[in-house]
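*Asks:* Since chain A is already given, all that's left is putting chain B on it; use the hints.
Residue strings, one per chain:
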Amino acid sequence: DVKVTQSSRYLVKRTGEKVFLECVQDMDHENMFWYRQDPGLGLRLIYFSYDVKMKEKGDIPEGYSVSREKKERFSLILESASTNQTSMYLCASSFRRGGFNEQFFGPGTRLTVL
Amino acid sequence: GENVEQHPSTLSVQEGDSAVIKCTYSDSASNYFPWYKQELGKRPQLIIDIRSNVGEKKDQRIAVTLNKTAKHFSLHITETQPEDSAVYFCAADSGGSNYKLTFGKGTLLTVNP
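Chains as they are written, first to last, in the numbering used here: chain A, 1 to 114; chain B, 1 to 113.
Treat the hints as calculated values from the structure; they're not laboratory data. Heads up, a few of these hints could be off.
Claimed, not checked - Listed below are the simulated SDA-like cross-link pairs for lysine to any residue, each with C-alpha atoms no more than 20 angstroms apart in a straight line:
| no. | chain 1 | residue 1 | chain 2 | residue 2 |
| --- | --- | --- | --- | --- |
| 1 | A | Lys3 | B | Leu46 |
| 2 | B | Lys37 | B | Asn53 |
| 3 | B | Lys42 | A | Asp59 |
| 4 | A | Lys57 | B | Asn3 |
| 5 | A | Lys55 | A | Asp28 |
| 6 | B | Lys37 | B | Val111 |
| 7 | A | Lys3 | B | Glu39 |
| 8 | B | Lys58 | A | Glu102 |
| 9 | B | Lys42 | A | Asp28 |
| 10 | B | Lys37 | A | Pro39 |
| 11 | A | Lys71 | A | Tyr50 |
| 12 | B | Lys22 | B | Leu66 |
| 13 | B | Lys42 | A | Lys71 |
| 14 | B | Lys105 | A | Ile60 |
| 15 | B | Lys42 | A | Ser87 |
| 16 | B | Lys42 | A | Leu11 |
| 17 | B | Lys37 | B | Thr78 |
| 18 | B | Lys42 | B | Asp84 |
| 19 | B | Lys71 | B | Gly55 |
| 20 | A | Lys70 | A | Glu30 |
| 21 | B | Lys71 | B | Val54 |
To be verified - Here chain B is said to cover these stretches of chain A; the calculated rule only asks that three of the stretch's residues, wherever they fall, bring their Cβ under 8 angstroms from a Cβ of chain B:
| no. | segment |
| --- | --- |
| 22 | 21-27 |
| 23 | 38-52 |
For glycine and all other residues, C-beta sits at the position ideal for the given N, C-alpha and C.
Isolated chain A (complex conformation) (with noise of 0.2 angstroms):
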């Protein structure tokens, strides 16, 4: 069974915070995924790596950054929070050999900026 956890279920911060917020996952896959979910707009790819170190911008890469210094860690970094980024943070994992992989994700980060 694929495994992808998230460090926390539900995180409260105060604007201007710095927020990590991390994702293993122990299925060996190469590429790693970082989500937002608001109501009504969907799943928003913020940021992606597809290896170590390797990192490519999602649509709404803006006011985040991520590390991926291990296969199995991606990590979400809010330099300085802002009530705009209170949302669910989805993280996803999918092999990339083979092509058309299906994204296993974890279970989300609700996080609230107050």
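*Replies:* Coordinates of chain B only, in the frame set by chain A:
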């Protein structure tokens, strides 16, 4: 980049009826079209997918059809049951990148007993 439109945003059916959700995409190079189901409070999970060399795929009560010429694909659920109630997302890969997906905004399906 890829743009995926999904309709309707909400759908309510009676148990036993069929439900159809439709999506259109913009990138003619897209080749992979998965559908994810997200139950309340849970993570999205893949329920069915289709590749560009196939026009239709079925798995028990769910089926997906793809029309590459018109750039649209649809999810069909027959004999709906209350446990089918969830948010459904369609997605399309980004042409040359076969692992990056663009998702539709989702359809909230409610099956009334």
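*Asks:* Indicate, hint by hint, whether the structure satisfies it.
*Replies:* Right, here's what the structure says about each hint:
{"no.": "1", "hint": "A:Lys3 / B:Leu46", "result": "holds, 14 angstroms"}
{"no.": "2", "hint": "B:Lys37 / B:Asn53", "result": "violated, 23 angstroms"}
{"no.": "3", "hint": "B:Lys42 / A:Asp59", "result": "violated, 24 angstroms"}
{"no.": "4", "hint": "A:Lys57 / B:Asn3", "result": "holds, 16 angstroms"}
{"no.": "5", "hint": "A:Lys55 / A:Asp28", "result": "holds, 17 angstroms"}
{"no.": "6", "hint": "B:Lys37 / B:Val111", "result": "holds, 14 angstroms"}
{"no.": "7", "hint": "A:Lys3 / B:Glu39", "result": "holds, 18 angstroms"}
{"no.": "8", "hint": "B:Lys58 / A:Glu102", "result": "holds, 17 angstroms"}
{"no.": "9", "hint": "B:Lys42 / A:Asp28", "result": "violated, 23 angstroms"}
{"no.": "10", "hint": "B:Lys37 / A:Pro39", "result": "holds, 15 angstroms"}
{"no.": "11", "hint": "A:Lys71 / A:Tyr50", "result": "holds, 9 angstroms"}
{"no.": "12", "hint": "B:Lys22 / B:Leu66", "result": "holds, 10 angstroms"}
{"no.": "13", "hint": "B:Lys42 / A:Lys71", "result": "violated, 25 angstroms"}
{"no.": "14", "hint": "B:Lys105 / A:Ile60", "result": "holds, 15 angstroms"}
{"no.": "15", "hint": "B:Lys42 / A:Ser87", "result": "holds, 15 angstroms"}
{"no.": "16", "hint": "B:Lys42 / A:Leu11", "result": "holds, 17 angstroms"}
{"no.": "17", "hint": "B:Lys37 / B:Thr78", "result": "holds, 15 angstroms"}
{"no.": "18", "hint": "B:Lys42 / B:Asp84", "result": "holds, 14 angstroms"}
{"no.": "19", "hint": "B:Lys71 / B:Gly55", "result": "holds, 12 angstroms"}
{"no.": "20", "hint": "A:Lys70 / A:Glu30", "result": "holds, 10 angstroms"}
{"no.": "21", "hint": "B:Lys71 / B:Val54", "result": "holds, 13 angstroms"}
{"no.": "22", "hint": "21-27", "result": "violated (count 0)"}
{"no.": "23", "hint": "38-52", "result": "holds (count 8)"}
In summary, the numbered hints that this structure violates are 2, 3, 9, 13, 22.
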